[in-house]
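Colleague: Numbered by mature numbering (1 follows the signal peptide of the UniProt record, and there is no 0), the letters in the sequence shown go through residues -24 to -1, 1 to 124 in order.
In short, the hints are calculated from the structure, not lab data. Beta carbons are placed, not taken as given, at the ideal position from N, Cα and C, and that holds for glycine. Hints should not be assumed to be uniformly reliable.
Between beta-carbon pairs, the in silico distance windows are [said to hold, decoys possible]: (1) K113 - Q70: 19 to 29 Å; (2) E39 - N82: 23 to 33 Å; (3) G45 - N82: 34 to 44 Å; (4) K88 - N58: 17 to 27 Å; (5) D29 - K71: 19 to 29 Å.
Subject to a maximum C-alpha distance of 25 Å in a straight line, what follows is the list of computed DSS-like cross-link-like pairs (lysine-lysine) [unchecked claim]: (6) K91 - K11; (7) K10 - K46; (8) K91 - K19; (9) K16 - K113; (10) K71 - K10; (11) K92 - K11; (12) K71 - K91; (13) K88 - K25; (14) K113 - K88; (15) K71 - K113; (16) K25 - K92; (17) K113 - K46; (18) K113 - K19.
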Amino acid sequence: MRCIYSNLLKGLRVLLVLSAISCADSTKVATVNKKIQLSKFSKAVFTEKTYTDIRILETYPNEEPCKAGKLNANLYVCLRINSGDTVYVFDSCQKVAFAMEKLHENFALEHKNIKKDTPSEITIVAPQSFSIPGNAKYVLAGLTRLED
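With the hints as constraints, model all of the structure from the sequences given.
Modeller: Right, dumping it as structure tokens:
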């Protein structure tokens, strides 16, 4: 009888360990390369003089280098502090400038860093289910972290 209980306890331990491992892996969200047609969206217009205060809501890094004919970008989904509007900031051909954890601090979008030339298409890395709403505003630029 002890042998049965001993084997049962060993089996339960193995089951618990396997369950813990599978639960830990299930939190990762699979990402895919997504080509974004920028002509479907409007460029954001900034009325502030030199910069716009923003807060990063989500970061979608793209570490693949840009190649001829393929423009890759990190995507920062941001909140404009003064208006509460969402703006999609594409930072092309750069390493991820800011950590992927939730950032509870403000950043600046310096107007001098906004790229004037707009490609027809840009590639991001995001979850399969991610989509940008049709009425979205975007900008091609880098972000500046504000120091205290």
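Colleague: Now, for every hint given, state plainly whether the structure supports it.
Modeller: Going through the hints against the structure:
Taken as a hint, the range 19 to 29 Å holds for the pair K113 and Q70, whose Cβ atoms sit roughly 21 Å apart. The supplied range of 23 to 33 Å is met by E39 and N82, whose beta-carbon atoms lie about 25 Å from each other. The beta-carbon spacing between G45 and N82, approximately 36 Å, falls within the hinted interval of 34 to 44 Å. A hinted range of 17 to 27 Å for the beta carbons of K88 and N58 is consistent with their spacing of about 19 Å.
Between D29 and K71 the beta carbon distance is about 24 Å. The supplied range of 19 to 29 Å therefore holds. A threshold of 25 Å between alpha carbons decides the hint, and for K91 with K11 the separation of about 19 Å falls inside it, so the pair holds. Note on K10 and K46: the hinted pairing holds, with a Cα-Cα distance of about 12 Å set against a maximum of 25 Å. Taking the CA atoms of K91 and K19, the gap is near 11 Å; set against the 25 Å cutoff, the hint holds.
Proximity of K16 to K113 is assessed by CA-CA distance (about 10 Å); at most 25 Å being required, the pair is judged to hold. Taking the CA atoms of K71 and K10, the gap is near 18 Å; set against the 25 Å cutoff, the hint holds. Restraint check: the Cα-Cα separation between K92 and K11 comes to about 20 Å, which is no more than 25 Å; the hinted pair holds. As the CA atoms of K71 and K91 are separated by approximately 17 Å, the hinted pair is consistent with the 25 Å bound.
Restraint check for K88 and K25: satisfied, since their Cα atoms lie roughly 10 Å apart, inside the 25 Å limit. Of the pairs offered as hints, the one joining K113 and K88 holds, with about 18 Å between alpha carbons and a cut-off of 25 Å not exceeded. Of the supplied pair hints, the one linking K71 and K113 holds, its CA atoms being roughly 23 Å apart against a limit of 25 Å. Distance check on the hinted pair: K25 and K92 sit about 17 Å apart at the alpha-carbon level, within 25 Å; holds.
With a CA separation close to 22 Å, the supplied pair K113 and K46 stays within the 25 Å bound. For the proposed pair K113 and K19, the alpha carbon gap of about 5 Å is at most 25 Å, so the pair holds.
No hint from the list above goes unmet by this structure.
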